[in-house]
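K.L.:
Chain by chain, the residues run as shown.
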Amino acid sequence: MGYSLELPRHTASPILTSDQALTDFLKGVEKRAFKRTAFTVRDDDSALDIVQEAMIRLAERYADRPSQEWPLLFQRILANATMDWFRRQKVRNTLFSSIEELESSDDDPGFDLLEYLATAGGSSGTESAEDGAYRSQVMTIIESEISELPARQREAFLLRYWEEMDVAETAHVMGCSEGSVKTHCSRAVNSLAKALKARGIVL
Amino acid sequence: MIKPPSKLHITLADDAVHAEHAFGKWVIAGLGGESPVLNAQVERRLSAARWQAVEAAQRIRRLKALDARPAVISYGSAAGLTPWWARLAAFMPVVALTLGLICIDQFNLTQRIEAAAEVDAALLSDDLPPSAYADPGFAEFLKSPRP
Numbered sequence: 001m002g003y004s005l006e007l008p009r010h011t012a013s014p015i016l017t018s019d020q021a022l023t024d025f026l027k028g029v030e031k032r033a034f035k036r037t038a039f040t041v042r043d044d045d046s047a048l049d050i051v052q053e054a055m056i057r058l059a060e061r062y063a064d065r066p067s068q069e070w071p072l073l074f075q076r077i078l079a080n081a082t083m084d085w086f087r088r089q090k091v092r093n094t095l096f097s098s099i100e101e102l103e104s105s106d107d108d109p110g111f112d113l114l115e116y117l118a119t120a121g122g123s124s125g126t127e128s129a130e131d132g133a134y135r136s137q138v139m140t141i142i143e144s145e146i147s148e149l150p151a152r153q154r155e156a157f158l159l160r161y162w163e164e165m166d167v168a169e170t171a172h173v174m175g176c177s178e179g180s181v182k183t184h185c186s187r188a189v190n191s192l193a194k195a196l197k198a199r200g201i202v203l
Numbered sequence: 001m002i003k004p005p006s007k008l009h010i011t012l013a014d015d016a017v018h019a020e021h022a023f024g025k026w027v028i029a030g031l032g033g034e035s036p037v038l039n040a041q042v043e044r045r046l047s048a049a050r051w052q053a054v055e056a057a058q059r060i061r062r063l064k065a066l067d068a069r070p071a072v073i074s075y076g077s078a079a080g081l082t083p084w085w086a087r088l089a090a091f092m093p094v095v096a097l098t099l100g101l102i103c104i105d106q107f108n109l110t111q112r113i114e115a116a117a118e119v120d121a122a123l124l125s126d127d128l129p130p131s132a133y134a135d136p137g138f139a140e141f142l143k144s145p146r147p
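Chains as they are written, first to last, in the working numbering: chain D, 1 to 203; chain L, 1 to 147.
What the hints contain is simulated information worked out from the structure, not anything from laboratory work. Accuracy of the hints is not assured; some may be wrong.
Ranges between beta-carbon positions, derived for each pair [unchecked claim]:
id	chain 1	residue 1	chain 2	residue 2	range
1	L	Val-37	D	Arg-65	25 to 33 angstroms
2	L	Gln-41	D	Asp-84	45 to 53 angstroms
3	D	Arg-65	L	Trp-85	39 to 47 angstroms
4	D	Gln-20	L	Trp-85	43 to 51 angstroms
5	D	Asp-45	L	Pro-83	55 to 63 angstroms
6	L	Gly-33	D	Arg-42	17 to 25 angstroms
7	L	Pro-83	D	Glu-69	41 to 49 angstroms
8	D	Glu-164	L	Ala-16	13 to 21 angstroms
9	D	Asp-64	L	Gly-100	19 to 27 angstroms
10	D	Asp-45	L	Val-37	17 to 25 angstroms
11	D	Met-83	L	Gln-41	25 to 33 angstroms
Calculated Cβ distances over 12 angstroms to all of chain D for the following chain L residues [unchecked claim]:
id	residue
12	Leu-31
13	Thr-82
14	Ala-86
15	Leu-88
16	Ala-90
17	Gln-106
18	Phe-107
19	Thr-110
20	Ile-113
21	Ala-117
22	Val-119
23	Ala-121
24	Ser-131
25	Gly-137
26	Glu-140
Below are the BS3-like pairs computed for lysine-lysine, each with C-alpha atoms no more than 30 angstroms apart in a straight line [claimed, not checked]:
id	chain 1	residue 1	chain 2	residue 2
27	L	Lys-143	D	Lys-27
28	L	Lys-25	D	Lys-182
29	D	Lys-31	L	Lys-143
Every residue, glycine too, gets a C-beta built ideally from N, C-alpha and C.
Assemble the whole structure, with the sequences as input and the hints as a guide.
P.N.:
Here it is in structure tokens:
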């Protein structure tokens, strides 16, 4: 008959697990949150302050909620913190797209996104030493064009494609209807595609 | 790496939504995808902010634990929750003090009575009658020197 040696099991404390889960969650979202906020407020220091405020608000109020709820809560808190920042800056009006912005030259009948994408040459072939520099250049151009988008279009676009939220979640975070989200996204995509084409970016 | 959506074989018959989605994903890949590259200073500040947030969560958890504790280990301050014997116990020091004072008073009274009784007993049991002390001649006799 053999003897079995049972070692005591060290189970992680629920508190430590919860802290670790919160750390992991914040680590996963903080960079995108910073970049998105920086696009909106156009100032890195202010963007950092806003993201920090949103992180602390989430931790203080919702750390005990299930971690599945954190992404949506965090985006909502971040949106509110950004709004608060604009209120404090007394330039709130600049945050919202005016009707002129929404109905600006996005709907250019002469530009066809489908055509642009379908006829784009495949540059995914060989990777040369120049590709790194090219990618960096493309990134700078994309960032600059995104920062030029009207605020609501940019927010909708980045929430949908960067945060990978669905239309309903994006509408919840932005506090608008799902139809508005679709409109904002569509216009943002068209504006970006047109701007990138104009700057000679080959897809 | 930025992956162009050119191989998606998008045709005009495809839903424009799919084209938008493909383009959106391509743009996001161009931004650095899920984890964009940031400069070291920004990363340090984000890391510090994250630690502050976790500390804030810990602080709130401690405060909540402190709030919950009195309800468990004491009976609370609400009058309805205090048992009758606990309220009675609050008066025990006053009762003990009163009883102590009464006892001391009784003891002093007994001492005085006993002292008076001793004097009376000595006077009454003496050969000399007590009225002799009221006699001026006897007082004079006591003052006079004895032979």
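K.L.:
If a hint holds in the structure, say so; if it doesn't, say that too.
P.N.:
Hints, one by one, checked against the model:
no., hint, verdict
1, L/Val-37 / D/Arg-65: 25 to 33 angstroms, "31 angstroms, holds"
2, L/Gln-41 / D/Asp-84: 45 to 53 angstroms, "24 angstroms, violated"
3, D/Arg-65 / L/Trp-85: 39 to 47 angstroms, "43 angstroms, holds"
4, D/Gln-20 / L/Trp-85: 43 to 51 angstroms, "49 angstroms, holds"
5, D/Asp-45 / L/Pro-83: 55 to 63 angstroms, "60 angstroms, holds"
6, L/Gly-33 / D/Arg-42: 17 to 25 angstroms, "23 angstroms, holds"
7, L/Pro-83 / D/Glu-69: 41 to 49 angstroms, "43 angstroms, holds"
8, D/Glu-164 / L/Ala-16: 13 to 21 angstroms, "20 angstroms, holds"
9, D/Asp-64 / L/Gly-100: 19 to 27 angstroms, "55 angstroms, violated"
10, D/Asp-45 / L/Val-37: 17 to 25 angstroms, "19 angstroms, holds"
11, D/Met-83 / L/Gln-41: 25 to 33 angstroms, "26 angstroms, holds"
12, Leu-31, "6 angstroms, violated"
13, Thr-82, "32 angstroms, holds"
14, Ala-86, "35 angstroms, holds"
15, Leu-88, "42 angstroms, holds"
16, Ala-90, "39 angstroms, holds"
17, Gln-106, "63 angstroms, holds"
18, Phe-107, "63 angstroms, holds"
19, Thr-110, "68 angstroms, holds"
20, Ile-113, "74 angstroms, holds"
21, Ala-117, "79 angstroms, holds"
22, Val-119, "82 angstroms, holds"
23, Ala-121, "84 angstroms, holds"
24, Ser-131, "97 angstroms, holds"
25, Gly-137, "105 angstroms, holds"
26, Glu-140, "103 angstroms, holds"
27, L/Lys-143 / D/Lys-27, "114 angstroms, violated"
28, L/Lys-25 / D/Lys-182, "16 angstroms, holds"
29, D/Lys-31 / L/Lys-143, "118 angstroms, violated"
Against the hints set out earlier in the document, violations occur for numbers 2, 9, 12, 27 and 29.
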